[in-house]
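S.K.: Could you build the full structure based on these sequences and the hints that come with them?
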Amino acid sequence: MTNRISFLMIAVLLLLGLTVQTRAQSVSLAMAQPEASASELYACPMHGDVSSSKPGKCSKCGMELKAASADIAEEFIVRTETEPKRLQPGQKTTLRFTIFNPRTGEQVKAFNIQHEKPFHLFIVSSDLKHFDHIHPTQEPNGSFTIDTILPQAGLYHVFCDIFPAGGIAQVVHQNLVTDAFKANAESVQARLQPEAETSKTVDGLRVEMKCAPEMLRSDQPTLLRFQLTDTKTGQPITDLQPYLGAWGHTLILSEDAADYLHSHPINTQVQDAAPSTIYFETYFPRPGKYKIWSQFQRNNKIITVSFTVAVANPN
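Numbering of the sequence shown is given in the working numbering, commencing with residue 4 and proceeding in unit increments.
Listed next, with one range per pair, are the computed distances between beta-carbon atoms: (1) K235 to N303: 16 to 22 Å; (2) M218 to G248: 30 to 36 Å; (3) E217 to R89: 45 to 51 Å; (4) T83 to T201: 36 to 42 Å; (5) I116 to P216: 32 to 38 Å; (6) T201 to K88: 41 to 47 Å; (7) S202 to G169: 40 to 46 Å; (8) T107 to R289: 32 to 38 Å.
Calculated pairs, DSSO-like style, for lysine-lysine (alpha carbon to alpha carbon, straight line, at most 27 Å): (9) K213 to K203; (10) K203 to K132; (11) K95 to K120; (12) K112 to K88; (13) K132 to K95; (14) K203 to K292; (15) K132 to K88.
These are calculated hints, taken from the structure and not from any lab test. Keep in mind it's a predicted model, so treat the numbers as computed, not measured. Glycine is no exception: its CB is placed at the ideal position from the N, C-alpha and C atoms.
M.R.: This is the structure we're talking about:
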C-alpha cells in the first residue's frame, strides 16, 4: 500500500468508517452502535483511538481489533509536578507525571505500548507557535519524567496521550503557566490565518500537502496526502525512515486547542520499501481553523512541518 494507491480511491474508502479522538469525545462515522460495556470494548493495538463495540478491523491500518478488557472507561487522573515549581521561560524544566486510577485513587504503573512508547507527550504554546512531541521515561516508582524548555513566557497546553492497563486509550489535557505570566487564557489564544501555501521546505525536504476533499468541511472524513521531495534532486525521496513504528505522525489542534486529533499513516507496513507519499486520515469535528503538524524521519533526524487550514460547515 504505497504511492500506487489512488488518492481518490482512498478518499472513498474513508466513507466506510472512521473514529477519531477529540478532547471531549470519541466520534464515529460508522453506523451508530448501542453503548458498549467495558467488557465489550474492542480496540486497535496500534491506534488506541480506534474502538468498537464488536470485533472488526481498524479503519486506519486494517489490523484486527482486540478485546480491550477495559474495567474503567473514564479518564484517569494525571498529577503533574514541575521542578522548579515556578516555571522560568527559556530554562530547563523537569516534568513529572503520576497517573492514578479514578475509582480507587491508587497509582497506575502498567501501560499499554502505543507506537513503541507508553507515553506520548505534546506541549503546544497557547498561540500554537511552539510545538514539541516528546516521550517521558518511566521511573522505578511508576511515574514518568522528562526535561523540557518552555521558550517564551505564557500558557502552554500539555496533552498526555496514554493507554493505562485496565483503561482505554485517552488524552488528558492540562495547562502549564510560566512565572510572572499575567494575561488570561482567552487573550493569548491563537488567532490562526489559513495559509494559501501548500508546501513547506525543511532540512532539504519539500513537503506538499493536499486534501481530499479539497474544500475541508466538518463532520466528514478527510484524507491528507503528503508528497515528500528531495530539494536537491527534485525527485521523490527513497530514504524515508520509520518513526515510532510508522512512516510519520500528524497532530491537529483546533484554534482554541479544544479538539485534539492524533493520526497515523494509512501506509502502515514499515517493512515495505520507503514511500515518498504518505496518507493520513482525519475528521474535523467542528468548523473553524486548525493547525496541522506532521513529522517524518530522514537521515536519523525528525523533520516537522506545519500547515494552517480553515474548515467550513458541513453541506
